[in-house]
Amino acid sequence: MARIQLNDVKKSYGDVNVLRDINLDIQDGEFIVLVGPSGCGKSTLLRMIAGLEPISGGDFLIDGERMNDVRPRDRDIAMVFQSYALYPHMDVARNMGFSMEIRGDAAEARKSKVAAAAETLGLSKLTSRLPKALSGGQRQRVAMGRAIVRDPRAFLFDEPLSNLDAALRVEMRLEIARLHQKLGATMIYVTHDQVEALTLADRIVVLEGGDIQQVGSPLELYETPANRFVAQFIGSPTMNVAPVEAGAGGVTLGGSHLALPHLGDTSAAHELGIRPEHIDVVAPGQGMLKAMADVVEHLGSDTNIYLQVEGIGPMMVRVHGNIPARSGDLLGLNIQPQNAHVFAADGTALRAATALAA
Amino acid sequence: MSAVLRRRPAVAIAKYAALAGYLAFALFPLYWLIKIAITPDALIYTEGTQLLPSSVTFDNFAKVILQTDFMAYFGNSLYVSLGTAAVTTLVAAAAGYAFSRFDFAGKKLLIAVMLITQMFPLLMIIAPIYKIISQMGMLNSLTSLIVVYTAFNIPFATFLMQSFFDGIPKDLEEAAMMDGCSRFQALYKVVFPLTLPGLGATLGFVFTAAWSELLFALMLISKNDAMTFPVGLLTFVSKFSVDWGQMMAAGVLALVPSCLFFIFIQRYLVQGLTSGAVKG
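Residue numbers (our numbering), protein chains in the order written: chain A, 1 to 358; chain B, 1001 to 1280.
Bound conformation, chain A alone:
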């Protein structure tokens, strides 16, 4: 079990900087998710922690010990690969016990440890099979079993669920959450899927263009995104963003004034962000905005309405439950001011001074 610290860690290939000044303090037992669009450097960061990719600058510490130049085998970290990377010529049991085999542990100890891990993951009946005779989900479990048997200081996951179909992905996601509860180990998980990030993480690290955009709990990121990128990346469906005119104590959009007293000074406001679930639908003619429904999706539990808002353009609204709206209907909209986000021209979210201090 381990505390992992990254101090000003950098990565560059020649003149190209792929990661800049990464600072992270990961507590013992914490589940950290690195999330971001493809090419943001999240997998590279994970591979640097694993030792598979050299670190160009800064310090990488495990339990206070500098590990920058330590070989992967000596870092005592296990990794689950996106491709699973099972050894095709070894059966499941040997795949899982390979690290102990290399370490030179006694065959007896190896057997019982592998059997225990196989039991945990529901693989007991498959231990003598070769990887090619397993389904995708089973291979994924074996890859996780291989990491568990290691009994490492920390677990790394590199997009482990992206090769699975949707149903299996949900199942394995739960499995990983349970595993974290059971083992209480430090885990670092890379994904581009924000649902995985929100459901699994203690803290999420949002990366984009080689920089950390924000670090925080799932709720923090959802409720107080630091900038427009995080606001739009976290949360599904995506947050609506509309240009506004700045004013004192509020903003003007679509010709209507929206008072935002909780944000304090909004004179630098450039855009307003509002999540689809934070817009209320009211009768036509009422509300601060006028809109026409474009497409209506009835999901049962929710209704998604894609609409054209007068003076603004396309927006999306999610209403809890069913409402009898249809394509072409005229609707009135009210934005919940307490849930509105305001972004400056550079994308930074404006917050009241007290919120910043916290």
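Wrong hints could be hidden among the right ones.
[To be verified] Taking lysine-lysine pairs in the BS3-like style, the calculated list, with each CA pair at most 25 Å apart, reads:
| id | chain 1 | residue 1 | chain 2 | residue 2 |
| --- | --- | --- | --- | --- |
| 1 | A | 132 | B | 1108 |
| 2 | B | 1170 | A | 10 |
| 3 | B | 1108 | B | 1170 |
| 4 | B | 1189 | A | 132 |
| 5 | A | 113 | B | 1189 |
| 6 | A | 111 | B | 1189 |
Hints were generated in silico from the structure; no laboratory data involved. Keep in mind the model is a prediction, meaning the values are calculated, not measured.
Put chain B on the given structure of chain A with help from the hints.
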């Protein structure tokens, strides 16, 4: 396949006919070789073009084995071919692994130079090679043949091995290193077992190439006791006649090691060993 057959029988028949035609063309010389080898000397010319001899004899084989130096040539060829195959495969595997896995200064240049060596017809370089070998005092030695064959086969064998290593996902080695292996252990425990088909194919290819090589063997070897088998075959051609029967019998015998070798390595040539390693 069966669906194709049902729908387009004419196409299927044409395909099989083409295959059969090719096989007949390719295998006929082999058949003729065996036929002449078992035809009694007296009948070779009188029954010249008959497909089957009217009587069969194994005298030619007995004579080749007992009365000629054939067994010695055979031994020399085996020594040279096995030596070449072993050394070449070893070097090519190491080089192929480096080309596949590492980036180093001059890699592209090295690959280009290796390709260039394959561009020239052998005839062009026979004279310089002869000069070099003779000045080193290595004429008439089997070692000189191993050196020359190895040098000529390494580029192709390296590219062959590189493609096999390229086919093994890098993730596997990285997983092994995460599991506690050094790079060498990862190579030995994970990559090597998966490269067996590649090693088998390379061994087979180089062995066959060395086994049937005539040009260099003819130039560099003139002493009878260092002759390899293809050179030795020419001794059946005398000034006034050719001993067809014995020559063909020797030829049939020469096929035996090649066949054995391929029977031995063919199970390693079966692909699909890496399936199931990564997303399949």
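Hints violated by the structure (numbers, ascending) = Of the numbered hints given earlier, the structure breaks just one, which is hint 1.
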